[in-house]
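In case you want the letters, here they are:
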Amino acid sequence: MTDQQAQNKIKTEEYFINMGPQHPAAHGVLRLILTIDGEIIKNVEPDLGYIHRSIEKMCERDSYQQIVHLTDRMDYLSSHINNEAVCLTVEKGLEIEVSDRVKVIRTIIDELTRIASHCLWWGVMGMDLGALTSYFYAFRDREMINDIFEETCGARLTMNYNVPGGLMFDIHPNFVKRTKDFITHFKTKIPEYDRLLTGNVIFQKRTKGVGILTKEDAISFGVSGPTARASGFSSDVRKHHPYSAYDRVNFKEILFTEGDTFARYQVRMMELWESISIIEQLIDNIPEGETKAATKAVIKLPKGEFYQRVETARGELGVYINSTGNKNPYRVKFRSPGFSNLSVLNHISKDVLIGDLVATMASFDFVIPDIDR
Amino acid sequence: MNFTQMIIPLNITKTISDWIYSIMPETAASYTIMVIIAVAYLALFAVAGLYLVLLERKVAAWFQLRIGPNRVGPWGLLQTMADALKLVSKELTSTIKIDKFLYNLAPYFVIVSALMAMAVFPFSEQFQAFDINIGVFFLIAISSIGVIGILLAGWSSNNKYALIGAMRSGLQTISYELSVGLSILTMVLLTGTLQLSEIIEAQRTGGWLILQGHVPSIIAFMIFMVAGTAETNRAPFDLVEAESELGAGFHTEYSGMKFAYFFLAEFINMFIISSIAVVLFFGGWLSPFGITENIAWFPQVFWFLIKVLGLIFLMMWFRWTFPRLRVDQLLTLEWKYLLPLNLMNIVLMAIVIWLNWTI
Chain A
1 MTDQQAQNKI KTEEYFINMG PQHPAAHGVL RLILTIDGEI IKNVEPDLGY IHRSIEKMCE
61 RDSYQQIVHL TDRMDYLSSH INNEAVCLTV EKGLEIEVSD RVKVIRTIID ELTRIASHCL
121 WWGVMGMDLG ALTSYFYAFR DREMINDIFE ETCGARLTMN YNVPGGLMFD IHPNFVKRTK
181 DFITHFKTKI PEYDRLLTGN VIFQKRTKGV GILTKEDAIS FGVSGPTARA SGFSSDVRKH
241 HPYSAYDRVN FKEILFTEGD TFARYQVRMM ELWESISIIE QLIDNIPEGE TKAATKAVIK
301 LPKGEFYQRV ETARGELGVY INSTGNKNPY RVKFRSPGFS NLSVLNHISK DVLIGDLVAT
361 MASFDFVIPD IDR
Chain B
374 MNFTQMIIPL NITKTISDWI YSIMPETAAS YTIMVIIAVA YLALFAVAGL YLVLLERKVA
434 AWFQLRIGPN RVGPWGLLQT MADALKLVSK ELTSTIKIDK FLYNLAPYFV IVSALMAMAV
494 FPFSEQFQAF DINIGVFFLI AISSIGVIGI LLAGWSSNNK YALIGAMRSG LQTISYELSV
554 GLSILTMVLL TGTLQLSEII EAQRTGGWLI LQGHVPSIIA FMIFMVAGTA ETNRAPFDLV
614 EAESELGAGF HTEYSGMKFA YFFLAEFINM FIISSIAVVL FFGGWLSPFG ITENIAWFPQ
674 VFWFLIKVLG LIFLMMWFRW TFPRLRVDQL LTLEWKYLLP LNLMNIVLMA IVIWLNWTI
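Chains as they are written, first to last, in the numbering used here: chain A, 1 to 373; chain B, 374 to 732.
Careful: at least some of the hints might be erroneous.
In silico DSSO-like pairs for lysine-lysine, Cα to Cα no more than 27 Å straight-line [stated by the list, open to error]: (1) A/Lys-92 <-> A/Lys-350; (2) A/Lys-57 <-> A/Lys-296; (3) A/Lys-215 <-> A/Lys-189; (4) A/Lys-92 <-> A/Lys-189; (5) B/Lys-431 <-> A/Lys-42; (6) A/Lys-205 <-> A/Lys-189; (7) B/Lys-431 <-> A/Lys-11; (8) A/Lys-300 <-> A/Lys-205; (9) B/Lys-533 <-> B/Lys-470; (10) A/Lys-215 <-> A/Lys-42; (11) A/Lys-205 <-> B/Lys-709; (12) A/Lys-350 <-> A/Lys-303; (13) A/Lys-189 <-> B/Lys-431; (14) A/Lys-187 <-> A/Lys-215; (15) B/Lys-470 <-> A/Lys-11; (16) B/Lys-470 <-> A/Lys-208; (17) A/Lys-11 <-> A/Lys-303; (18) A/Lys-42 <-> A/Lys-292; (19) A/Lys-303 <-> A/Lys-292; (20) A/Lys-327 <-> A/Lys-300; (21) A/Lys-350 <-> B/Lys-533.
No lab work stands behind these hints, which were simulated from the structure alone.
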């Protein structure tokens, strides 16, 4: 009997299994309907909508100042960057030029947010692969960033520090010192991260060659952020369309060509160093100036369409505002990185084991409220 | 050893046994004593299991920059007792479409097989319930019954996660059983006996077996620890209950005390694997270099427990440091690396013994 005949004779039935909406690997209420043959995944169908809050529709109801606060709740790990995206769009529409001080402070906090987000991702990546200790290491360091935020912005997670035209208030007197302290501390901790996870044989076996995303696929599915850069797609908005103070700092865009889970892991780990370098370049020379440009109490954007893109920790966030000249926008659309990145999941997780899917998902760094909005 | 100077608990047991024999006919008395010993062991290992859970939580906390349980009792010593009480008092919930008989049977398979293995352990020269001449064989046989319980649990739960977990457990245990068995066999070559007390006795003069058999012994020890960790379904081989993939794996549908049986069995199994390793490689209850050999009152069980706890700490260290293997890598490791290495190691050990190279 040939192999083909044997396969025809012994036939197994495919079955489906729900991964989520309450599942430890999903980090939120994402439901994946997996079609499985034994342990081999045949199809992955994401089912969204479990945390849909219709933020885009709510934006049509609210004034421009209020919209900023809604965006915190989309990608809660990069809330400051989301706020900034909306503020930049509104500023573009009003043609306000914010002061250098605002630009620099925004950039520093952006990068701190990115480090905090990557820290959490690193901890959770280890946890998904069964190494629970990484989670606590990462949270120790993330806590320091949250403390800095708490002092300056008044909140630890949903910061609401940006307003159209600048910042809500000036930085706390301790901000510079504490940020420097954190950078010094964190520089000694990244090698520790590497020792715990990166160099581990099991970790490398679990991630190398798993969930390979080619550059062509990354571009055609609209993948962005570290996920795309791991496939060699140069897509860093900070580099290609600089906003805030990114045009005055030197940093590398981390590019890998392997496109596997380990490459995505490495991109994020190296981005930590790049973020540190950006903060170091800016922290010592925050220019003096106004922290808020004068805006009217009721902001009315001129009639037209406005679009601004920023680089969050997960990829490219686009904010599209269609205004009819009223105090409310006519239509708001967010192009969230998570949604586009999720769309490629089925394409790259065919015929892999469940464990591989978990590793791939971990390396994509999904934040479910960002996918669903 | 001078029996008059023996430690007090053994005198108590002697008094009790004399008393039982004096009030009952001989057959009834011997059965009563067996039951009493069994109950005493049961209580002992339930408590030992609970404290291993506490140790695991403390060790995990030390690895993870935390303090660990510290609210119930001094240093959290009563924490797991409180947890066990909570689990005992909980309602046993189950789903409708389960296979009731098998579902209820499964946890007992797991816990009973774990407890049965305890019967043959030589905690000290006198403290051994059941010194049979096929002790090692009995241990391997008993400890592989547990997997039936896991398979039953996964099958009868009527839950896909549980089923995948159980199937993984089946293939994992069957694969790694080979390595456990073969590495034990390597050491049996050296001792020439399967009786646990004699294996320890062989180490009194010649030094611990891991030194006696040098290179092949060390290889056997490493293989045994890897395969033993896999046998107990602990990280990095905890695919059976890989929480990021399968929720809770085979015990997803269990609650209350039935869940606690699975949980406790894992820790007792860890104790078993460590105990086998201590007996086979580290001289059981013998003190290192015979430092307490001449101190009659010194409890030999101290050395046994210290060594076992050392190895248990090693296994906890694995768990809180390593990521989990994937299911195909698990099988690759066993069939492509450990098994051939093990077979070669046996031959090597045979050559070492044949040429009289043992220390």
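Tell me the numbers of any earlier hints that the structure contravenes, in ascending order.
1, 3, 4, 5, 7, 8, 12, 14, 16, 17, 18
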